[in-house]
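Heads up: the sequence shown begins at 2 in the working numbering, then just goes up one per residue.
Each hint should be verified, as a subset may be incorrect.
As the list claims (entries may be wrong) - Lysine-lysine pairs mimicking BS3-like chemistry, simulated, CA-CA at most 30 Å apart:
1. 105 <-> 47
2. 106 <-> 221
3. 221 <-> 281
4. 48 <-> 60
5. 119 <-> 60
6. 120 <-> 213
7. 221 <-> 19
8. 120 <-> 142
9. 179 <-> 29
Treat the hints as calculated values from the structure; they're not laboratory data. Values in this document were obtained by computation on a predicted structure and should not be read as measured data.
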Amino acid sequence: MNSPERVLTALRGGQPDKVPFMFGFIDKRIREALLGEKITYEYEPKKADWAPTFRPDEKFFMEPAECTDARVARLLGLDAIGMQYMTPMVADVDTTPDGTIYIKKSLLTSPEILEQVKKNMPDVDDDRLYDPARKFVSRYKGEFALYCRIRLGIAPTLNSMSIEEFSYNVYDEPDFVKETVRMYAQWVSRLIDNLIECGFDFLWDFDDMAFKSSPLFSNKVLREFFLPDLQKAAAHITVPWIFHSDGNLLPALEDLSTLGMSGLHPLEPGAMDLHELKEKWGKRLCLVGNVDIDHCMTDATPEEIDAVVEDRIRVLGPGGGYIISDSNSVPLSANPENVREIARCVEKHRYIY
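Go ahead and model the full structure; you've got the sequences and the hints to work with.
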């Protein structure tokens, strides 16, 4: 099998020739450290690398960007690389001393501001917006499985309102919340149609909605406020796709699975029991991830890394339907040498079929 066949077989629940290996996003500074050189891309985010952020009265625009680098993928033996066309969020951001950009204040505070936001959202049917995607797909089609990172609408809603204000609005302004989710879902539906036309092999939806202990909200809130519109958006996805959220999703998985995703990422370590996941969900969802970013990617010894990689493949790999990956992303805090060691250990242990 080649890399696209390997990844797509796993995403469809099948057993490939060996366990596929991929990362959803590698911080640019880690890419540079791995390659030993500075990298300049034609298209790069102007603020945060996790989403375009704007004030309500600004004209929004998209920031297409590469999620890794093909040379890094070849160096590490990754089977997939991707781009991102992330949904804009309504927020002020700030920067930590190490250069990490975070949300300082969420700005979607009223139905009136939502009307402003609707007018300022980017035109996703502007054909010029997809030139970077078409070039990317043309360049790498067949060598790697190609994905595009998107957000269906949970994370943009929560981050634009703030989790606290969202929680109040569910009770005080329920129509405001529903209309926000509807706006994002309708917008991303058109984005999905256009991205699929570009030729991506699969989509990767990043919509964090859980703490390590449990989801951020009840299944009742999920069913009432999110699923009706997200199901309509997800119906536009005609290729395999992965749902991403940190934390413990087990209480919400039955409801979430109605979206029709092919895979689940990142299986945050310590949040969900891997044996339970494999037993209950391993035939319904491709499980993606679980390589710890806090220790394994930072200060673990080669022996510890080898033990982690071997264990994940041993527990989640049998029968197929598993892709070894990060447990969130490859962040700036990662040690490039540990990332290299993870790749070496994956190559050592991935031949289990």
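Structure-based check of each hint:
1. Using a Cα cut-off of 30 Å, the hinted pair residue 105 and residue 47 holds, with the two alpha carbons roughly 17 Å apart.
2. Taking the CA atoms of residue 106 and residue 221, the gap is about 27 Å. The hint holds against a cut of 30 Å.
3. For a cut-off of 30 Å, the pair hint linking residue 221 to residue 281 stands: about 22 Å separates their Cα positions.
4. For the given pair, residue 48 sits about 15 Å from residue 60 by alpha-carbon distance, which is consistent with the 30 Å threshold.
5. Pair hint residue 119 plus residue 60 holds up; C-alpha atoms about 10 Å apart against a cutoff of 30 Å.
6. Straight-line distance between C-alpha atoms of residue 120 and residue 213 comes to about 36 Å, which puts the hinted pair past the 30 Å bound.
7. Proposed proximity of residue 221 and residue 19 is contradicted: the alpha carbons are some 40 Å apart, above 30 Å.
8. In summary, the hint linking residue 120 to residue 142 is not supported, as the alpha carbons are separated by about 36 Å, beyond the 30 Å threshold.
9. A hinted pair counts as satisfied when its Cα atoms are at most 30 Å apart, and residue 179 with residue 29 does not qualify at roughly 36 Å.
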